[in-house]
Amino acid sequence: MFRKSVHPRALAGAAAITALALTASACGSSPKPSSTNAGGAKSSTLTIESAPVSPFTDNFNPFVQTSIANQVNATSLLYEPLLQWNITKANSYYPWLADSFTWNSTGTAITIKLHAGVKWSDGQPLTAKDVAFTFNLMKATSALNANGLPIVSATAADDTTATITFSSSQYTNLYAITGQTFIVPEHIWTSQTDPAHWTDPSPVGSGPFTLDKFSAQGFTLKANANYWQGAPKVSEISFPSYVSNTTANQALDNGQIDWAGNYVTNIDQTYVAKDPKNNHYYFPATNTVVLILNVTKAPFNDVKVRQAVSAAVNRTELSQVGETNYEPPATSSSGLLLPEFSDQVPSDLANDLPAASDANKVTSIMTAAGYAKDGSGIWAKNNKEVSFAIEDPSSYTDYYTCATLISQELKPLGFKVSVNGVTPDKWTADLNAGSFDAAIHWGGGGPSPYQQYDNWLDYGTSAAIGQTANGDYGRYNNPAVQSALKAWAGTNDPNEITKQLGIVAHAMSTDVPDVVLMYGAGWNEYSTKHFTGWPTKDNSYIDPRPNNPWLEYTVLHLTPVS
Numbered sequence: 001m002f003r004k005s006v007h008p009r010a011l012a013g014a015a016a017i018t019a020l021a022l023t024a025s026a027c028g029s030s031p032k033p034s035s036t037n038a039g040g041a042k043s044s045t046l047t048i049e050s051a052p053v054s055p056f057t058d059n060f061n062p063f064v065q066t067s068i069a070n071q072v073n074a075t076s077l078l079y080e081p082l083l084q085w086n087i088t089k090a091n092s093y094y095p096w097l098a099d100s101f102t103w104n105s106t107g108t109a110i111t112i113k114l115h116a117g118v119k120w121s122d123g124q125p126l127t128a129k130d131v132a133f134t135f136n137l138m139k140a141t142s143a144l145n146a147n148g149l150p151i152v153s154a155t156a157a158d159d160t161t162a163t164i165t166f167s168s169s170q171y172t173n174l175y176a177i178t179g180q181t182f183i184v185p186e187h188i189w190t191s192q193t194d195p196a197h198w199t200d201p202s203p204v205g206s207g208p209f210t211l212d213k214f215s216a217q218g219f220t221l222k223a224n225a226n227y228w229q230g231a232p233k234v235s236e237i238s239f240p241s242y243v244s245n246t247t248a249n250q251a252l253d254n255g256q257i258d259w260a261g262n263y264v265t266n267i268d269q270t271y272v273a274k275d276p277k278n279n280h281y282y283f284p285a286t287n288t289v290v291l292i293l294n295v296t297k298a299p300f301n302d303v304k305v306r307q308a309v310s311a312a313v314n315r316t317e318l319s320q321v322g323e324t325n326y327e328p329p330a331t332s333s334s335g336l337l338l339p340e341f342s343d344q345v346p347s348d349l350a351n352d353l354p355a356a357s358d359a360n361k362v363t364s365i366m367t368a369a370g371y372a373k374d375g376s377g378i379w380a381k382n383n384k385e386v387s388f389a390i391e392d393p394s395s396y397t398d399y400y401t402c403a404t405l406i407s408q409e410l411k412p413l414g415f416k417v418s419v420n421g422v423t424p425d426k427w428t429a430d431l432n433a434g435s436f437d438a439a440i441h442w443g444g445g446g447p448s449p450y451q452q453y454d455n456w457l458d459y460g461t462s463a464a465i466g467q468t469a470n471g472d473y474g475r476y477n478n479p480a481v482q483s484a485l486k487a488w489a490g491t492n493d494p495n496e497i498t499k500q501l502g503i504v505a506h507a508m509s510t511d512v513p514d515v516v517l518m519y520g521a522g523w524n525e526y527s528t529k530h531f532t533g534w535p536t537k538d539n540s541y542i543d544p545r546p547n548n549p550w551l552e553y554t555v556l557h558l559t560p561v562s
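Counting in UniProt numbering, the sequence shown runs without a single skipped number right up to 562 at its last residue.
There's no promise every hint is true.
Distance condition first, Cα-Cα at most 27 Å in a straight line; then the derived BS3-like pairs of lysine-lysine [unchecked claim]:
1. 304 to 411
2. 373 to 361
3. 304 to 222
4. 411 to 381
Derived by calculation from the structure, the hints in this document are not laboratory data.
All chains should be built: construct the whole structure from the sequences, respecting the hints.
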């Protein structure tokens, strides 16, 4: 089994926006969604597989991350966000349920101007009262507040104007507020006494599709003929159940899936070559892969060891062998995702990472720090060898291969490194609890560099060893970084954002709390045999992965082949 594309709501979500009052329509443009007011064109069913899950359990609650709708990323076809974000480009979004928004002067309140005339799938109007209800529901039930938004209140001034107030500045959480929160109908949800455990078996949403049939082996959605943007041209969508990546990839290779989000070994031979005209893939860089280091204990409580390990890694080999060239080697020690944030990398940190192991630099760093090789050829200090284990799921074949490669690369350079293959559940539990030495892991993603650094370095999301962390799994605690992240979150001044970003980026570079490795791919395979209009490298109008919340945006741009 290989890793899946990262579910965006599983990571800390936020976005830095650098203007006080913004109109959503000014921030992006794309082809108009493929729709028709006369009803969807009947064609073959669009079959999507974004995560192997079996069996399916009947739960379409948009707030519950373990609901089947969220596990297979179907939620955005039923419920919708205020804005649609294209996180493959910095701060790029499109108006959706909201036409525009404005912040107050401190970033503690946002006023949303809704698109008029939107209706729920049962025909009732969607108004600002529904928006206010959704955020008040999240405030009242913390289990529904996946991003931990500090909501104070939400009110509706009229049918199209809602204001949400927070206890602190939320400029950097614009993505979470407008892009990762699905609006629900008050007239349906107000009667639910336990909304966190309600399964929502017959969802009523504003989205372009409604639930048609459900079973443990899969479910289908049918086009909403009354959708506010006009019924989609795709008339039916199928989400079949697959036991594993292996069975899902077999179905993909056999032409049974139109759109998938899998790691596929030797994809040009196993998938594209079977139908070169129609079988395609587009793997944009969507995150930065790092080697997380537990800085609370030896050997990584010594910054010099961390720097030396970074110099010892052969990033080119990891990219070519571990990731079969799907994930390019990182070039900046800032960790910023490239090319998306290339214009925000401090000039002295551009192209400063070696592509291959630098043995001379390793020796220079370690000897200057007082280490010497012992009789076994291992770096040691005060009779204690530099020894650590890299822990990753053995079923995540690419990560496990990369961990093995790192151990092989570092051993000749004087480090004693082992690899622990574990289950995904144990890996997650150990990272949360801080019970590990090092681990390869993807980084947080979003429309701003803030998401990356907040996920890696914000000690406020971390926890003491043995307690559950939601971020900063290596327990890195730097007061200067904490101060910079706080200042960054509290401003929308571009110059101030650049200043604070520089502080954090240089800390990432010099302190090396995580070793920057590669730019992680967003897995995305698609067929043009039955549908056209897919996002491509030349027309990346939205993140192409079949994930919430942007999956809906792609579907609305698809046209069945006659």
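Taking the hints in turn, this is what the structure says about them:
| no. | hint | verdict |
| --- | --- | --- |
| 1 | 304 to 411 | holds, 17 Å |
| 2 | 373 to 361 | holds, 15 Å |
| 3 | 304 to 222 | violated, 58 Å |
| 4 | 411 to 381 | holds, 17 Å |
Consistency with the previously given hints fails for number 3 only.
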